[in-house]
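Engineer: These are the residues of each chain, in order.
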Amino acid sequence: MENSYITKRQYGLIIFFIPFVFKFSVLPSILSEKAARDIWLVMLLIMLTELAQLIFIVKVDKMGGLDAIKERYGKITYYLLSAPVLAVMILKASVYTSETTSYANSYLFYNITTQGVGIIVILASSYIAVKGAKGLGRIVELALWLVPIAIIIGALFGKLKLTPDYALPIGANGLGPIAISFDSALFWVLDFSPLLFLKIREDVTLSPRKRTRFPWVPVAAISSAILMVGLYLAYVMNYGGAGHLVDTAFSSLGAFNVVNTEIGSIDWPAITLWLSIAIVSLSLKLFASSKVISSNNVPFPVAVLLTALVIIVISQLAFYNLEKAFDFATSFVRYVVLGIELLVPMTAYVLLDIKERKHQKEHHPLEATI
Amino acid sequence: MIALDKEIKKIKKALSNSSDVVERRLDVGEKKALVLYLDGMIDVKTIDLGLIEPLIRRGSEIKEHVRTLEGIVETSEKLEFFSDRKSALEKVLTGGSLIVIDGVEGYAVCSAQGFMSRPIMEPPVSSVIKGPREGFTESFKTNITLIRRRFPSSNLVFKSFTVGRLSRTHVEVCYLKNVANLKVVKQIESKLKKIDIDGIVDSSYVGKLLEDRKYSLFKQTGSTEKPDILAQKLLDGRVAIIVDGSPTVLTLPFLLIEDFYDSEDYYRRPLRTTVIRIMRLLGVFFAIFLPGMFVAFQSHQYQLLPIKLLVTIINSTSGIPFSPVTEMLIALILFEVLGEASVRMPRFLGMAMSVVGGIILGETAVNAGVLSSLTVLITALSSIGLYAIPDEVGTFSVIRLIYVFVGASLGTYGILISTIVIMVYVVSLESYGVPYFAPFAPLVPSDLKDSIVKFSMVDLPTRTQSLGLKNKTRLRYGK
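Sequence order for the protein chains is A and B. Residue 61 is where the first sequence starts when you use this note's numbering, and the numbers rise one by one after that. Residue 7 is where the second sequence starts when you use this note's numbering, and the numbers rise one by one after that.
In short, the hints are calculated from the structure, not lab data. A virtual CB, placed ideally from N, CA and C, is assigned to each residue, including glycine. No false leads were mixed into what you were given.
Computed, partial: chain A to chain B, Cβ under 10 Å:
1. T67
2. R69
3. V181
4. K191
5. E201
6. L202
7. A203
8. L204
The calculated lysine-lysine pairs, modelled on DSBU-like cross-linking and capped at a C-alpha distance of 30 Å, are:
9. K194/A <-> K214/B
10. K455/B <-> K194/A
11. K259/A <-> K476/B
12. K194/A <-> K476/B
13. K84/B <-> K15/B
14. K68/A <-> K189/B
15. K478/B <-> K259/A
Chain A extracted, bound-state conformation:
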């Protein structure tokens, strides 16, 4: 069977984890610069936008994903839709690789070149991408186990100091700063496009009764949104309006990071979780990009390798430090990226819906009229 299939639960977990990665590295300080204490409102706006995109993407995936476009409309339409998404995913992966490198270096490395760190991240992500949707889905299920471990360690050893007053009054500076912050963060919004290249199958390890019962996708999406907004609120309650002064601020919060034990301070909970899911997120983009390239009769592992090479070249040459990546991500490119991320799922949905309705009319005329 083609390796694009994941179960509903794995699909839901991917939706849950994707927002947690690159919205926690440089984004908090970017948002804090303009919105100060209202960054959690900015995040609320971001999550609502992402939920809107997700609705279209899930509907498209239920109808067979972008592969269904290829089957029903032909390759030209498929490439017209997938090529822009491919470009966006490669650009985002390059920027995110730069962020990952910077994060890993600032916490784990003082005496090694950033190039090595970045290349290793891409190579690891490429390996996961080659394993296909099956490998991706299973590793996401495994990553789920890290969450309670991180929470337990955070709860036991955390040093989070929440001051609710820091978050008040809500929206004190008006909508302007919130809108400006949202505008500057557009590049980091709408990361669900790779899901267009996945297909959902039944989980045969569950009994038929249990398979369709739990609504994994809406639960994952909504809980992810609530957690994201909650964590940003916690950020505000900890740093107030000074968050933009703290690099990689989230990782410095005691509750998520430092474990003081008898053998020393270990930054493991946040770094382990963050880096693991960052690599999974990057590998999802690599997988999706490679699916587009491999549709040209290129063997899938070769497509992954090519995509990885392109990302390495871009991230090493164009985004060799975080400032370069940041400047690119906050330039006009962010509008193009946003446009593609919004329009492609909507267009795909409309096209597939037209075919579905036509199919219903031709084969089930009675149901089509109800």
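Given the structure of chain A, go ahead and fit chain B onto it with the hints provided.
Structural biologist: The following block gives chain B in isolation, referenced to the frame of chain A:
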């Protein structure tokens, strides 16, 4: 019709005039007969009393075809008839006694095997305090009997195969037909039929030929030397492969979590079993990660260590002429060599050499300033931790070596990335369609009740769901 003199010449030639061929020529009635066997392979008493004596006594009753021996031979051992010499001699080579009668058509073989084999005893690597102590032996007949005794049921099926052009090794596929996944059974049988090798010496040969990934670090077949463990696995829907000449029985499909189990886990209290399994997991965790992390901390991330521990490490390693990675590799290689030597050395030297190797060498190395005491301690802890899961010692010892190299070159970052890559590899593996890392990835909630934690048997009414069996129910409650 067989001309005996000519036939004897042909048989001897077919057996390469081997010196262990024993011929007994008899007068049976008015005819001449030959009983031929390989020295040491037969039960002499059965052949004498049940075959030769009745042949001599009732030889006049023999008619034109050798099948008439059915009413004459007085033994309950299997009596088979062949029309061609080659098939008959194949049976002789596995311990049968050939009967050829002058002027009578056909060949008969009586399978009264009587070669010496090891008695049933407790396997050396599966000692238990509670529970059965029987272990499989090298004789497949004994092994089949040990399994059959546990399942006096017509649902227990044995299917025979002969594998190996020269060794003609007897392989039995065993399963419970109302439990096992018959697709898996068919796949295994198909693969066994396709094996074209000169000889099978041990079940591990068959295991490797049944695996999909030949060079994988992770084994893809389960194994056991205990009939009670095999019985549990058969009840759980697995298929067993018994290889003549090997006390290790293979089981398929295989999940990695199986090697974390011990036979006593099912005889102890569930809470105690859970604690022990967690200890095993911790043992493996320390075994794999400790050496690599120690090297990584020393080489790259010393800032993660508290001052006191850092001072201890510095004091311990000051004056050591080697880098942290070289030191660790020396210590690991030393322990590996010691381990190999202790397995192979004569028993009467074993204790003395273990003391010399383990204690004196280690202490001397530290005193001489070749190794630091912390390195020796960590290596010892790691090596002991490996044996928390004896069946995976080979795999985990290679992984810990990989981590030492990665830790030296890329620090904790490299170890983290390597762990992710290894985990991706493991979760992508499948054993006959069953995910290797189930029930963790993919998550199978019902199977988690018997994974690291162990629920009471009463709360495990279903078999392992990850195996995709149709007959899922194990325990029913009375109404």
